[in-house]
Amino acid sequence: MRRVIEIRNVYTVGQLNSYIKNMFTQDYLLRSLYVKGEVSNCKYHSSGHIYFTLKDSKGTISCVMFAGSRAGLSFRMSEGQQVIVGGTVDVYQRDGKYQLYAKEILLDGSGMLYERFEQLKRELEECGMFAAQYKRPIPRFIRTLGVVTADTGAAVRDIIQIAGRRNPYVQIILYPAIVQGAGAVPSIVRGIRALEALGVDVMIVGRGGGSIEDLWAFNEREVAQAVFDCPVPVISAVGHETDTTIIDFVADLRAPTPSAAAELAVTDFREILGGLYARQEALNRLMQQRIQEAREKSRHMALLMRVVSPVGRIREERTTLISAQERLQERMKRLLEKRRHTLALYIERMRGLSPLEKLNSGFSYVENEQGKNIASVEQVETGQELRIFVRDGIIRAKVTAAEGNEELPFGERGPKEEEPCKA
Numbered sequence: 017m018r019r020v021i022e023i024r025n026v027y028t029v030g031q032l033n034s035y036i037k038n039m040f041t042q043d044y045l046l047r048s049l050y051v052k053g054e055v056s057n058c059k060y061h062s063s064g065h066i067y068f069t070l071k072d073s074k075g076t077i078s079c080v081m082f083a084g085s086r087a088g089l090s091f092r093m094s095e096g097q098q099v100i101v102g103g104t105v106d107v108y109q110r111d112g113k114y115q116l117y118a119k120e121i122l123l124d125g126s127g128m129l130y131e132r133f134e135q136l137k138r139e140l141e142e143c144g145m146f147a148a149q150y151k152r153p154i155p156r157f158i159r160t161l162g163v164v165t166a167d168t169g170a171a172v173r174d175i176i177q178i179a180g181r182r183n184p185y186v187q188i189i190l191y192p193a194i195v196q197g198a199g200a201v202p203s204i205v206r207g208i209r210a211l212e213a214l215g216v217d218v219m220i221v222g223r224g225g226g227s228i229e230d231l232w233a234f235n236e237r238e239v240a241q242a243v244f245d246c247p248v249p250v251i252s253a254v255g256h257e258t259d260t261t262i263i264d265f266v267a268d269l270r271a272p273t274p275s276a277a278a279e280l281a282v283t284d285f286r287e288i289l290g291g292l293y294a295r296q297e298a299l300n301r302l303m304q305q306r307i308q309e310a311r312e313k314s315r316h317m318a319l320l321m322r323v324v325s326p327v328g329r330i331r332e333e334r335t336t337l338i339s340a341q342e343r344l345q346e347r348m349k350r351l352l353e354k355r356r357h358t359l360a361l362y363i364e365r366m367r368g369l370s371p372l373e374k375l376n377s378g379f380s381y382v383e384n385e386q387g388k389n390i391a392s393v394e395q396v397e398t399g400q401e402l403r404i405f406v407r408d409g410i411i412r413a414k415v416t417a418a419e420g421n422e423e424l425p426f427g428e429r430g431p432k433e434e435e436p437c438k439a
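Heads up, the sequence shown is in the working numbering, so the first residue is 17 and it goes up one at a time.
Derived from the structure by calculation, the hints contain no laboratory data. Possibly wrong hints are sitting among the right ones.
[To be verified] Mimicking DSS-like on lysine-lysine, the simulated pairs with C-alpha atoms at most 25 Å apart in a straight line are:
#, residue 1, residue 2
1, 113, 71
2, 414, 388
3, 113, 37
4, 119, 71
5, 52, 119
6, 52, 71
7, 119, 74
8, 119, 37
9, 113, 59
10, 59, 71
11, 74, 137
12, 119, 59
13, 37, 52
14, 151, 137
15, 71, 37
16, 52, 113
17, 52, 74
18, 74, 59
19, 137, 59
Using the sequences and the accompanying hints, generate a full structural model.
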């Protein structure tokens, strides 16, 4: 069975916002009151209105100061100021949100300190104490770490713990300074100068968090001057990450917290070892590469030396000479064979013409005593002695007669019949 709900009074959003606005208007407390808090999200609009948020540890409220109410504002509002705002709390009907409409804004006690902070900051900045050229680099590898802070509290414990964990070989020298109250400023200055005299490598100056009044010693000119004059690199570590002091601008490096300062001051020795191992591996790879390149170059030079060295040249010339010698011998051999063949032909021809061969064939050779060949009967006389050469010796003979014969094939002239030759 469906349940039926009877709705008698239904209002629009505008009616509801109007009703709430009337409630705020009729409340006497909300018509005129003073609210204390910290300024944040402050914006100056082009119309002249100022929009900002007022906050404390338990809440926030939106605020607006219209341009017509700014005549009584003696300072320029900025982030972090502690102020007392006088005005009216009312509802902005269109958005259905309530806000504080400021008619008067005063700096309270901490607000006055903030104004002093801004004034000193401007003065020191004009003196050049914030200039980047005066910032000293934080050395990466240190042996001694100086700390100026209270000897009790979380700050010193965090610094010792983190520094010892990152590098147990770093010596930590603590100057137990007063960091809050009347004697804080001279105590901090003495601590900076004492650690400077000891020759520490890096110095941390700071303390844990607190209100602006608690941190005010680090906003004094004397402390800022001591930090600026210190030749040792100084890391400021005051309060929490949102806290800002004058020495943060003067120090060589600002750390958001004391723990972060210890991390910035002390390099993790495991990172150092890792870096050393990485460099060792890189060096080994580079050495192997260089050795391989040297070997390749050596092999190349060896091949080059074989080409250009005298031994190689001599070996090459010797090979050329041997080859030429072999070609010459081959040519001489062929030439000798050709000459031998020609000589053999000449020998055969000479054999055909040689008297000795004729003798061997059964012919004989006749000559007179003077060694002149007798080829005709006309060359001999009766009684003349002759030598007859035959195959196996010499026959000595005497001419008894010489007869010519026209029919003989050799000799064109033979003995005449009218004159017979007698031997």
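(request) Quick one: which hint numbers does this structure break? Sort them smallest to largest. (result) As far as the earlier hints go, only 11 is violated by this structure.
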